[in-house]
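Q: Let chain A serve as the given structure and place chain B on it in line with the hints.
There are 2 protein chains.
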Amino acid sequence: MKLSDLGEFGLIARFAPPFLKGLGRSVTGIGDDCAVLPWTKRAALLVTTDMLLEGVHFLRATISASDLGAKSLAVNLSDVAAMAGTPRSAFLSLALPADIGLDWVDGFFRGLRRLARVHGVSLLGGDTTHSKGPIVVNIAVLGTAAPGAIRFRSTARVGDIIAVTGVLGDSGAGLRVLTEGLPIGRDERPLVAAHRRPRAHLAEGAWLGRRPCVRALMDVSDGIDSDLKRILEASRRGAALDLEKLPLSPSLFAVCREHGWKPLDFALSGGEDYCLLTTVAPDAFGPVAAAFRRRFGRPLFEIGRVTDRKGVLAYRLHGRPKEIRRRGYDHFKRHEARR
Amino acid sequence: MKLSDLGEFGLIARFAPPFLKGLGRSVTGIGDDCAVLPWTKRAALLVTTDMLLEGVHFLRATISASDLGAKSLAVNLSDVAAMAGTPRSAFLSLALPADIGLDWVDGFFRGLRRLARVHGVSLLGGDTTHSKGPIVVNIAVLGTAAPGAIRFRSTARVGDIIAVTGVLGDSGAGLRVLTEGLPIGRDERPLVAAHRRPRAHLAEGAWLGRRPCVRALMDVSDGIDSDLKRILEASRRGAALDLEKLPLSPSLFAVCREHGWKPLDFALSGGEDYCLLTTVAPDAFGPVAAAFRRRFGRPLFEIGRVTDRKGVLAYRLHGRPKEIRRRGYDHFKRHEARR
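Top to bottom, those sequences are chains A and B. Counting in my numbering, the first sequence runs from 1 upward without gaps. Counting in my numbering, the second sequence runs from 1 upward without gaps.
Some hints could be false.
The list treats identical chains as one, so a pair stands whether inside a single copy or across any two.
Said to hold, decoys possible - SDA-like, lysine to any residue: derived pairs with alpha carbons at most 25 Å apart:
| hint | residue 1 | residue 2 |
| --- | --- | --- |
| 1 | LYS41 | PRO147 |
| 2 | LYS21 | VAL118 |
| 3 | LYS41 | ARG305 |
| 4 | LYS21 | ALA234 |
| 5 | LYS310 | GLY185 |
| 6 | LYS132 | LEU59 |
| 7 | LYS132 | THR62 |
| 8 | LYS21 | VAL312 |
| 9 | LYS2 | GLY55 |
| 10 | LYS229 | THR128 |
| 11 | LYS41 | ARG25 |
| 12 | LYS322 | PRO250 |
| 13 | LYS132 | ALA98 |
| 14 | LYS132 | ARG60 |
| 15 | LYS2 | ASP99 |
If you are wondering where the hints come from, they were derived from the structure by calculation, not from laboratory data.
Here chain A stands alone, though its shape is the one from the complex (with noise of 0.2 Å):
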């Protein structure tokens, strides 16, 4: 068996199992968007790590150095945003070619510098090594959360309502208007610049887990067909998920409008979305979703209901089941949707 039969998921429930024997209460490992560790009476510590690697996940020709230096932390951040936590610090592993100019290395750090800035978090440390092939980079984020507010991805009861902090699909259409070689306009400009900088939703995610009422947490990153899964294996629930719900931006409506594309497609797997996936429990929806719409000046986008069918996603289009090919990013599996 090859591990592209396995894919990344079957990859991870085949080597996990043995290191999660024995963790005391206090830790979570391997499952969630970070590790938990007992620190202070008052805060817990969360670790998370996340590898780019030069044509799988960036290509040097559709970002700047400037932006993968930010996005390499960023996707990190939207990590520790997932736990409800605040990051703090930074390690960054970073192998590159010899012969890669000087003002690529500035511009990556420049933009990493310039996001860690504001988001007080500091570099401490790492490794710079020479690759004789792709630039690598690895970012390993810790970060501190109050032990209650933290939320994992195992506490969704069925009844609760699934919500995200945040557009879907429009870093998956910017990807591909980058990969094509589209003209970029007007309608183009958001989605590349969502696929090339990425905000972590660190403000909400804090703000979410101070609601006792807000159940399962995680970040969108694989797309939230494929992340909602997650949820629902880790909690041992189903979903059911309206397809009208899902908030979608005008200009991903136009671009797709103008090239044939389902924007439904970006919206379920397109991944990269880097906004919070959630859920609430139904009676203190209302309120929250009003609170978060004062706090933020956007709703929080309900989407669908977790329900008591384990396992199974179900897609409802006006009410009506509705049948849906596409299936989340597999980092083995489908590696070539991405490029």
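A: Leaving out everything else, chain B in the frame of chain A:
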């Protein structure tokens, strides 16, 4: 200017300063074996990370998956040893070609798990992703240390005795045996083993950290020529190294004699020895070395002295100055040296 003109340490010197500004006194950032963060009253948090790329740091043909899994962790444990700390948890990022065999992946995790278990280290998270080129492994390790036990590179004093906790050069010679495809006989075997299965000197580091006379401490990863220079830079001191005192194994001598290689080349800049390099107050060295020998059954090898000739690493052979051409491994400047 290209990265190859600048070199690894030039690169770090170029980007690090802005990240070091404004750190609190209790935080150690870029520039030592681990970052140090405040934790509890009795323990500081250590963080280190290392990236290994296929074709640069290892070849699939010359190291088994199991040895690679263990070595990827061991190089990080060595950084924790260099801070006199105890490793606690690990975070793995792994990029794999889609056509890799599952037996390889299983072997990698078996080796990693076995070494993690020996040292009580929990694998708590990470990232698995697809690679279109090399296998890439990045491990970040968190550890703890009593604040008073931690030793830095910056605390060597003039007159200190420089010492190492193990023999030098075996790993570098083992790598050359492997890359030249030489037959592995009785003498080659321990050299190849040193390269494939390095042992982090955790017990030695913790033991040294309990002795007030032990001043600077780091691990030998690039070769003592390069690594000692890091101590000299950080401490703003110089050193005189007595070449005849460098601890070389009988196997290294035997293999070098057979192939016409120079043992000193491997001892000074072969790299990947992963023993510890330390400086000790001169009046206390005798008793400490005797206690070290009682505890570990081998000498704490004295190899030279710290001098006041800032930044100058002078070599002596039986008391006489000796010019040495070779310099330590630089990940950008001399990457051919290892392959």
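Q: A separate judgement is required for each hint: does it hold in the structure or not?
A: Hint by hint, here is what the structure shows:
no.	hint	result
1	LYS41 x PRO147	both (8 Å within a copy, 20 Å between copies)
2	LYS21 x VAL118	between (38 Å within a copy, 15 Å between copies)
3	LYS41 x ARG305	neither (35 Å within a copy, 46 Å between copies)
4	LYS21 x ALA234	within (17 Å within a copy, 42 Å between copies)
5	LYS310 x GLY185	neither (44 Å within a copy, 58 Å between copies)
6	LYS132 x LEU59	both (16 Å within a copy, 13 Å between copies)
7	LYS132 x THR62	both (21 Å within a copy, 18 Å between copies)
8	LYS21 x VAL312	neither (28 Å within a copy, 51 Å between copies)
9	LYS2 x GLY55	both (21 Å within a copy, 22 Å between copies)
10	LYS229 x THR128	between (36 Å within a copy, 18 Å between copies)
11	LYS41 x ARG25	both (15 Å within a copy, 23 Å between copies)
12	LYS322 x PRO250	within (23 Å within a copy, 73 Å between copies)
13	LYS132 x ALA98	both (8 Å within a copy, 19 Å between copies)
14	LYS132 x ARG60	both (16 Å within a copy, 15 Å between copies)
15	LYS2 x ASP99	between (34 Å within a copy, 6 Å between copies)
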